[in-house]
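S.K.: Use the sequences and the hints to build the structure in full.
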Amino acid sequence: MPLAKRIIPCLDVTAGRVVKGVNFVGLRDAGDPVEIAKKYDAQGADELTFLDITASSDDRDLILHVIDAVASQVFIPLTVGGGVRKVDDVRRLLNAGADKVSINTTAVSNPEVVEAAASRFGSQAIVVAIDAKAVDDTNTRWEIFTHGGRRPTGLDAVEWAVRMQQLGAGEILLTSMDRDGTKIGFNLPLTRAVSDAVDIPVIASGGVGNLQHLVDGVIDGHADAVLAASIFHFGEYTVRQAKEAMQRAGIEVRL
Amino acid sequence: MEKIAIVDYGMGNLHSVTKAFELVAEGRADVVLTADPAVVAAADKVVFPGQGAMPDCMRHLDESGLKAEVLKAASERPFLGICVGAQLLFARSEEGPTESLGVFPGEVVRFPPEKMHDAAGHKLKVPHMGWNEMFVKHAHPLWKGIADGERFYFVHSYHFAGADDIAVIESAYPYRFAAAVARDNIFAIQCHPEKSAGAGLQLLKNFVGWDGRQ
Numbered sequence: 001m002p003l004a005k006r007i008i009p010c011l012d013v014t015a016g017r018v019v020k021g022v023n024f025v026g027l028r029d030a031g032d033p034v035e036i037a038k039k040y041d042a043q044g045a046d047e048l049t050f051l052d053i054t055a056s057s058d059d060r061d062l063i064l065h066v067i068d069a070v071a072s073q074v075f076i077p078l079t080v081g082g083g084v085r086k087v088d089d090v091r092r093l094l095n096a097g098a099d100k101v102s103i104n105t106t107a108v109s110n111p112e113v114v115e116a117a118a119s120r121f122g123s124q125a126i127v128v129a130i131d132a133k134a135v136d137d138t139n140t141r142w143e144i145f146t147h148g149g150r151r152p153t154g155l156d157a158v159e160w161a162v163r164m165q166q167l168g169a170g171e172i173l174l175t176s177m178d179r180d181g182t183k184i185g186f187n188l189p190l191t192r193a194v195s196d197a198v199d200i201p202v203i204a205s206g207g208v209g210n211l212q213h214l215v216d217g218v219i220d221g222h223a224d225a226v227l228a229a230s231i232f233h234f235g236e237y238t239v240r241q242a243k244e245a246m247q248r249a250g251i252e253v254r255l
Numbered sequence: 001m002e003k004i005a006i007v008d009y010g011m012g013n014l015h016s017v018t019k020a021f022e023l024v025a026e027g028r029a030d031v032v033l034t035a036d037p038a039v040v041a042a043a044d045k046v047v048f049p050g051q052g053a054m055p056d057c058m059r060h061l062d063e064s065g066l067k068a069e070v071l072k073a074a075s076e077r078p079f080l081g082i083c084v085g086a087q088l089l090f091a092r093s094e095e096g097p098t099e100s101l102g103v104f105p106g107e108v109v110r111f112p113p114e115k116m117h118d119a120a121g122h123k124l125k126v127p128h129m130g131w132n133e134m135f136v137k138h139a140h141p142l143w144k145g146i147a148d149g150e151r152f153y154f155v156h157s158y159h160f161a162g163a164d165d166i167a168v169i170e171s172a173y174p175y176r177f178a179a180a181v182a183r184d185n186i187f188a189i190q191c192h193p194e195k196s197a198g199a200g201l202q203l204l205k206n207f208v209g210w211d212g213r214q
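These protein sequences, in sequence, are chains B and L.
Be aware that the first sequence starts at 1, since it is given in the UniProt record's numbering, and climbs by one per residue.
Be aware that the second sequence starts at 1, since it is given in the UniProt record's numbering, and climbs by one per residue.
Do not rely on the hints blindly, as some may be mistaken.
Here are the simulated DSS-like cross-link-like pairs (lysine-lysine), alpha carbons at most 27 Å apart as the crow flies [stated by the list, open to error]:
{"no.": "1", "chain 1": "L", "residue 1": "Lys19", "chain 2": "B", "residue 2": "Lys39"}
{"no.": "2", "chain 1": "B", "residue 1": "Lys183", "chain 2": "B", "residue 2": "Lys133"}
{"no.": "3", "chain 1": "B", "residue 1": "Lys38", "chain 2": "L", "residue 2": "Lys19"}
{"no.": "4", "chain 1": "L", "residue 1": "Lys72", "chain 2": "L", "residue 2": "Lys3"}
{"no.": "5", "chain 1": "B", "residue 1": "Lys183", "chain 2": "B", "residue 2": "Lys20"}
{"no.": "6", "chain 1": "B", "residue 1": "Lys183", "chain 2": "B", "residue 2": "Lys39"}
{"no.": "7", "chain 1": "L", "residue 1": "Lys72", "chain 2": "L", "residue 2": "Lys19"}
{"no.": "8", "chain 1": "L", "residue 1": "Lys19", "chain 2": "L", "residue 2": "Lys3"}
{"no.": "9", "chain 1": "L", "residue 1": "Lys3", "chain 2": "L", "residue 2": "Lys67"}
{"no.": "10", "chain 1": "L", "residue 1": "Lys144", "chain 2": "L", "residue 2": "Lys19"}
{"no.": "11", "chain 1": "L", "residue 1": "Lys123", "chain 2": "B", "residue 2": "Lys133"}
{"no.": "12", "chain 1": "L", "residue 1": "Lys144", "chain 2": "B", "residue 2": "Lys38"}
If we take Cβ atoms under 10 Å as the criterion, some of the chain B residues that face chain L in the derived model are [unchecked claim]:
{"no.": "13", "residue": "Arg6"}
{"no.": "14", "residue": "Asp41"}
{"no.": "15", "residue": "Ala71"}
{"no.": "16", "residue": "Leu94"}
{"no.": "17", "residue": "Asn95"}
{"no.": "18", "residue": "Gly170"}
{"no.": "19", "residue": "Pro201"}
{"no.": "20", "residue": "Val202"}
Worth flagging that the hints you see were computed from the coordinates, not collected in a lab.
Small disclaimer: the values here were computed from a predicted structure and weren't measured.
All residues carry an ideal CB built from backbone N, CA and C; glycine is no exception.
M.R.: Below is the structure:
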């Protein structure tokens, strides 16, 4: 099957700069978004995801300049998420050069925004981001959390993914809250349960610490794409090394 | 200087296609994003993009007053259809009852659910999203410098059908389908060259230098 599984570096952006967390506390300036995007493009990244973590609403529009600048020089698909509340937020990000907009908390509080945005801009432009956590030690049921993983919703992650597909989402970005930042690998049962339940592509996220984790996400987790941040940001691995590891494992990649 | 018009009829993100053309034109052509029929009429080459649902695109095109000039350009000047812009050139689509432009005789069909699995029986997702291989069926000047089997970025749920006689590039998901069709001065491609890194930019660059002959 020749469609390649995708590798997607994720960049956190605040106030127009890319930042990276060190030991989950401080944020360190990691540089100019355009330069970093170009670097990943040159390494063979299949897409880029920008997560706007700007806290102040005053600085929110800065992400538009970042996307505009990146989209003017890097010609691979760009997804932007973080703080998307209204259909008009989606419109502004797409006009700035984003190809897809990721909706997270708002998808739970106002699912009609997902439906309206998909209907207006097409499903191909709408990603629903799901942050899920296992409800107990059996790791067989997962609950959705919003507001950066702080607020439980009582919603079942698998059922929710199916509902988002019905409302018009074109893709699911699935983050395992249990694994995020742990570097012990994706939550594979969660990833597989969601990916098998929907007909749209699923991006696995949360927990990548080495290249075998990416392989596992595709082979055992049935993910269509894998997203990672720190293993690429801190120079542990290049995207190309990640793709070579996936290819050695028999996964179709774009090299 | 030669003028390339990118037709803006209110459907989708034209930022990248405009920026990509500006980059590859390298001062050899003037790239204009326009909703003005007179600008399309005066352009030497026309790019016809499109995103979202095909019936919406057709409705926007009808309402924009650009349809006549788009059809005229397709009949006489180098013309590049991208994604839904390419789909609109066919006679009809399963996506809606709306009649399309009918420049090409075939139709646009949805990936059928019963066929969406690979040889091992694994489910294949729709939309067909990501980088897939492009195989040359008939050599075309716009594919110059692009390797056979090169990957381009796709995102679509519908594809060209009944287009065997005009298919120039094929892809497979899981079966072979026409990924690009061409006839005379028209080249129409399902995937997104403006999002396909170096190979995609090469295609756009070839279009800038194309005289419209096969």
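S.K.: Which of the listed hints are broken here?
M.R.: Nothing - there is no hint that the structure violates, so all of them hold.
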